[in-house]
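K.L.:
Below, each chain spelled out in residue letters.
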Amino acid sequence: MELVCPAGNVPALKAAIDAGADAVYIGFKDDTNARSFAGLNFSDTKANKAIQLAHQKGTKLFVAINTFPQAGRWQTWQYAADQAADLGVDAIIAADIAVLDYISDKHPNINLHLSVQGSATNREALAFYQQQFGIKRAVLPRVLSMAQLRHLSKTSPVELEVFGYGSLCIMAEGRCYLSSYLTDQSPNTGGVCSPAKDVEWVTTSEGQDTYLNGVLIDRFKDHEKAGYPTLCKGRFQAGEHTYHALEEPTSLNTLNLLPELLQMGISAIKIEGRQRSPAYIAQVASIWRQAIDQAQQGNHQQPEEWNASLAALSEGHQTTLGAYHRPWQ
Amino acid sequence: MQLTLGPIPFFWPKQQVLDFYEGLLEQPVERIYLGESVCSKRREMRIQDWLDMASFLQDNGKQVVLSTLTLIEAESELKQLKRLCEQGQFLVEANDMGAVQLLSQQGVPFVTGSAINIYNGRSLRRLQQAGMQRWNLPVELSQTSLRETIAQAQDLSTEPLPQVEIFAYGYLPLAYAARCFTARHRNLPKDDCSFCCMEYPQGIPLASQNGEQLFVMNGIQTLSAKCYNLLNQIDVMREIGVNAVRISPTAPDMSEVIQRYNKSINAPQANAPKTGGMISLVADDANCNGYWFGQPGMNHQTNQMPAP
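Residue numbers (our numbering), protein chains in the order written: chain A, 1 to 329; chain B, 1 to 308.
Since the hints were made in silico from the structure, they are not lab data. Misleading hints may appear alongside valid ones.
So, partial list: chain A residues that the calculated Cβ filter (under 7 Å) puts toward chain B [as the list claims (entries may be wrong)]:
1. 68
2. 70
3. 98
4. 101
5. 124
6. 175
7. 182
8. 216
Quick caveat, the model's predicted, so the values are computed rather than measured. The beta-carbon is built from N, C-alpha and C at its ideal position, and this holds for glycine as well.
Build the full structure now, drawing on both the sequences and the hints.
P.N.:
Structure below.
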């Protein structure tokens with residue numbers, strides 16, 4: 001089982017490699033990837049450095065080109081695909097049919113992984129991408145229960161990678177347009193959800209309000225820590241109630257499920273967070289490295305401090321098993 | 001240009017569904033999409049009921065397409081999907097790539113719904129090769145994006161383009177989750193939801209804490225609170241080459257909406273607004289059209305020129 005860690009810059013990449021990542025995934029410095037944030041990601045020069053650093057240490061490097069190019073800007077995605085191929089990356093993570101088609105046609109020797117943004121949640125969808133584009137692996141959306149995942153792991157035509165830890169998307173990825181409904185960008189179009197350019201923090205007499213493009217996402221009292229206004233994690237009114245109607249500000253943590261994931265033959269665990277700091281990535285990656293190594297040796301005793309540390313690093317200091325745990329659904 | 005009616009997004013009692021479609025026989029909607037596209041637990045209408053309804057509508061002169069579920073996870077859902085894709089009598093609208101796979105393997109032509117991500121001409125041509133004969137533009141894309149997609153597809157091949165259909169009226173389908181927000185609202189577990197969606201025939205409105213209507217929770221689906229409405233864009237769509245305009249059911253009686261759209265399609269001069277205002281079927285501030293103009297979807301642009 002591979003540990004696949006995120007890196008938004010060279011220090012984070014080094015941190016992930018040193019903490020024992022089997023593979024690190026990065027994106028180029030534009031909106032061809034789903035973490036298109038200011039100050040983040042790899043220019044051509046930095047990407048060159050990344051591949052050298054990774055391969056020196058025997059770590060794989062994946063590049064995410066996982067947004068959906070609109071026709072007028074196709075050249076940017078084609079350039080990104082060619083660039084990744086020239087670098088000799090170990091895999092390209094893609095979602096759009098045109099991008100997959102282009103890479104499988106022009107660069108048939110490159111491993112293709114279907115991005116979570118490809119939104120394949122069943123074996124027939126996986127079979128489509130495998131038969132049409134020869135994908136080797138798929139990253140699964142965070143919507144399947146453990147029972148569904150177990151079934152899929154028995155019938156999938158490709159390797160499966162699942163999210164282990166990090167920010168939790170609760171909607172089927174690649175098919176969520178909530179962000180572009182309120183702002184002009186979504187993960188599919190702009191490589192970003194709830195874009196920072198549209199965020200406003202307003203101090204009130206009672207605390208702080210958070211807005212996204214003028215829409216009130218949440219209100220915090222003085223004693224509450226105001227969180228980033230990710231729109232599906234706001235408090236809204238439904239009927240008489242004001243509550244986290246869609247989801248609480250919480251992170252996914254599946255450390256406790258690791259023995260089962262291993263037993264199912266899941267090929268890789270993905271850590272979310274290319275926007276996170278090198279220190280964060282070092283801590284999360286090293287816990288997961290130890291956990292995977294130990295589980296692979298048949299030792300399923302997880303020290304309590306692992307989960308405690310992961311909880312402390314998480315959004316709202318809360319973690320959840322998300323959709324893997326049926327009662328959450 | 002054809003007027004179509006999308007599947008009912010909400011969970012209505014069987015009799016209401018039957019009455020709804022019977023009422024459409026007299027309405028000038030040429031093509032009707034039938035089926036459950038949101039939640040596999042909604043079984044007031046069984047597959048056989050949908051097939052019977054499809055035959056009834058077809059016998060009465062309507063074109064019929066069977067719409068698949070959008071988020072397909074469980075084995076039981078795949079089985080239902082297979083049955084739909086293999087029935088052999090009616091055209092199918094694929095709302096998940098799993099459906100695209102099953103249909104293309106059989107070599108039967110199909111339609112793709114707006115949740116199938118076609119963002120460019122190359123994707124369009126690739127799915128056309130797989131058997132797609134008509135596609136729906138993803139709801140978040142603009143008229144500019146549509147023009148560019150068509151132009152790119154024409155550059156790639158001289159083959160006639162698949163027909164294009166536009167979601168023009170209704171609550172926008174914005175997201176699908178594993179979690180059921182309606183059951184959660186009622187503090188019920190998803191596995192024992194008491195089919196409480198039926199108590200919300202137009203979903204559960206979700207507003208910001210200062211009272212702005214944002215979304216509608218509809219089981220595992222999240223819809224826009226505002227009603228997308230491109231009634232005054234029919235001429236623009238015609239000029240782009242749009243083949244069909246879709247109305248998504250918002251209420252048990254859609255006759256006024258259908259008639260207004262039909263009039264706009266068939267007698268454009270009679271209905272064309274002289275100024276920039278939108279023809280309103282609901283209160284003006286409950287309409288939106290931002291996506292079509294390359295803006296946030298919730299926006300309501302009254303000036304009809306696309307954003308530069």
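K.L.:
Would you mind marking each hint as holding or not holding in the structure?
P.N.:
Status of the hints after comparison with the structure:
1. 68: 4 Å, holds
2. 70: This interface hint holds because 5 Å falls under the 7 Å limit.
3. 98: 3 Å, holds
4. 101: Given a least distance of 5 Å, the restraint on residue 101 of chain A holds.
5. 124: OK, holds: residue 124 of chain A within 7 Å of chain B, min 4 Å.
6. 175: Given a least distance of 5 Å, the restraint on residue 175 of chain A holds.
7. 182: Holds: closest Cβ of chain B sits about 6 Å from residue 182 of chain A, inside 7 Å.
8. 216: Hint holds; residue 216 of chain A Cβ to chain B Cβ min 4 Å, cut 7 Å.
Checked against the numbered hints given earlier, this structure breaks none of them.
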